[in-house]
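Assemble the whole structure, with the sequences as input and the hints as a guide.
Counting from 1, one number per residue, gives the positions in the sequence shown under the numbering used here.
Since the hints were made in silico from the structure, they are not lab data.
Keep in mind that this is a model prediction, so the values were computed, not measured.
Heads up, a few of these hints could be off.
[To be verified] For each label pair, taking beta carbons as the anchor points, the in silico distance ranges come out as:
{"hint": "1", "residue 1": "A214", "residue 2": "R295", "range": "16 to 22 Å"}
{"hint": "2", "residue 1": "L49", "residue 2": "N156", "range": "25 to 31 Å"}
{"hint": "3", "residue 1": "K154", "residue 2": "P312", "range": "24 to 30 Å"}
{"hint": "4", "residue 1": "T74", "residue 2": "G217", "range": "45 to 51 Å"}
{"hint": "5", "residue 1": "A131", "residue 2": "H20", "range": "40 to 46 Å"}
{"hint": "6", "residue 1": "W19", "residue 2": "E263", "range": "28 to 34 Å"}
{"hint": "7", "residue 1": "P231", "residue 2": "N177", "range": "37 to 43 Å"}
{"hint": "8", "residue 1": "R295", "residue 2": "W19", "range": "18 to 24 Å"}
{"hint": "9", "residue 1": "A151", "residue 2": "P37", "range": "23 to 29 Å"}
{"hint": "10", "residue 1": "A151", "residue 2": "Q77", "range": "36 to 42 Å"}
{"hint": "11", "residue 1": "K154", "residue 2": "A62", "range": "24 to 30 Å"}
{"hint": "12", "residue 1": "A204", "residue 2": "R278", "range": "16 to 22 Å"}
{"hint": "13", "residue 1": "P24", "residue 2": "I198", "range": "34 to 40 Å"}
For glycine and all other residues, C-beta sits at the position ideal for the given N, C-alpha and C.
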Amino acid sequence: MSVLLLTHPACLNHETGSWHPESPDRLRAVLKALDAPEFAALVREEAPLASDETLALAHDAAYVKSVLAAIPQTGAQALHLDPDTVVSPGSGEAARRAAGAVVAAVDAVMAGRFDRAFCAIRPPGHHAEPARPMGFCLFNNVAVGAMHARAVHKVNRIAVVDFDVHHGNGTQAMFENDPDLFYGSIHQAPFYPGTGRISERGVAGNIMNIPFGAGSGGIMVRRAFIERLIPALDEFMPDLLLVSAGFDAHHRDPVGGMDLGTEDFAWMTKELIEVARRHSGGRIISTLEGGYDLRALADAAASHVHVLMTAP
1 MSVLLLTHPA CLNHETGSWH PESPDRLRAV LKALDAPEFA ALVREEAPLA
51 SDETLALAHD AAYVKSVLAA IPQTGAQALH LDPDTVVSPG SGEAARRAAG
101 AVVAAVDAVM AGRFDRAFCA IRPPGHHAEP ARPMGFCLFN NVAVGAMHAR
151 AVHKVNRIAV VDFDVHHGNG TQAMFENDPD LFYGSIHQAP FYPGTGRISE
201 RGVAGNIMNI PFGAGSGGIM VRRAFIERLI PALDEFMPDL LLVSAGFDAH
251 HRDPVGGMDL GTEDFAWMTK ELIEVARRHS GGRIISTLEG GYDLRALADA
301 AASHVHVLMT AP
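Below you can see the structure in the form of structure tokens.
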């Protein structure tokens, strides 16, 4: 199975400070794991820069300009945009490369160059709202990719599945009023950012939130996948499937409180590949979101990519 890996060294230059959990070491750990011999068949390409116009497909144009203008030009001290979200001189290029990775993945998959893609990038994106940075996120990478697929490739029905331990409030905000966009999230609640209730259903039932309490494990999540999320995806019938792949629901993660194992992320990946085979010609694009224990993140991300490479 042809799988594209998109990343860029500039994503390591988004410096967040020694105290911050969303550190460059996260991406280093993932990339080191993907250097193992079993990943030799991965085709590796550098993520391009997303333009202002491309970012504005998902965000207010004024917001794009204001975020980029807030990036400091010099200095080692990170600047806070909110209590959790910081920027440094390398953050502008990193954020453009992160969104650009998903855009390039969409282009490659829609052109038939690859069947599947994984974007190993940072900063993450699913908390970024149309006009607000949040939760370590500047631009909503997966939403930018989805809107690019619609604008450039005329893809009609697009689904995003998010298994980060945190609810992707930004993606939901961008999708909830469009019946041809579907957002499904499995996440911990009550937890940051406080959104993601079951009652949040979108304009046409196109939002499916499945919250779990702290300590929830693989058996409960797999049942929810089979009984609720997969049937909803089958009913929606996406032409393109994107994944917000956060690995902070792992039982080792210091930020999350759920109890998933590496094997659970592999299982979810296989199930989503089957959805893509049924409805979107096998097209599936995954992008890195959270995960803050370096060993757990590396293991789970590697397992996720290995399934992308080997599942029929």
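Okay, the hints, checked on the actual structure:
With their beta carbons about 21 Å apart, A214 and R295 fall inside the hinted range of 16 to 22 Å. Taking 25 to 31 Å as the suggested C-beta distance range, the pair L49 and N156 conforms, at roughly 27 Å. Judged by the Cβ atoms, the range 24 to 30 Å given for K154 and P312 holds: they are separated by roughly 28 Å. As the Cβ distance of T74 to G217 is approximately 47 Å, the hint placing it in 45 to 51 Å holds.
Taking 40 to 46 Å as the suggested C-beta distance range, the pair A131 and H20 does not conform, at roughly 23 Å. In this structure the supplied range 28 to 34 Å holds for W19 paired with E263, their Cβ-Cβ distance being about 32 Å. Between P231 and N177, the C-beta spacing of about 23 Å breaks the proposed range 37 to 43 Å. A hinted range of 18 to 24 Å holds for the C-beta pair R295 and W19, which are about 20 Å apart.
Remark: the range hint 23 to 29 Å for A151 to P37 is contradicted by a beta-carbon distance near 39 Å. Between A151 and Q77 the beta carbon distance is about 38 Å. The supplied range of 36 to 42 Å therefore holds. Look at K154 against A62: about 27 Å separates their beta carbons, and that is inside 24 to 30 Å. With their beta carbons about 21 Å apart, A204 and R278 fall inside the hinted range of 16 to 22 Å.
As the Cβ distance of P24 to I198 is approximately 36 Å, the hint placing it in 34 to 40 Å holds.
Taken one by one, the earlier hints fail for this structure at numbers 5, 7, 9, listed in ascending order.
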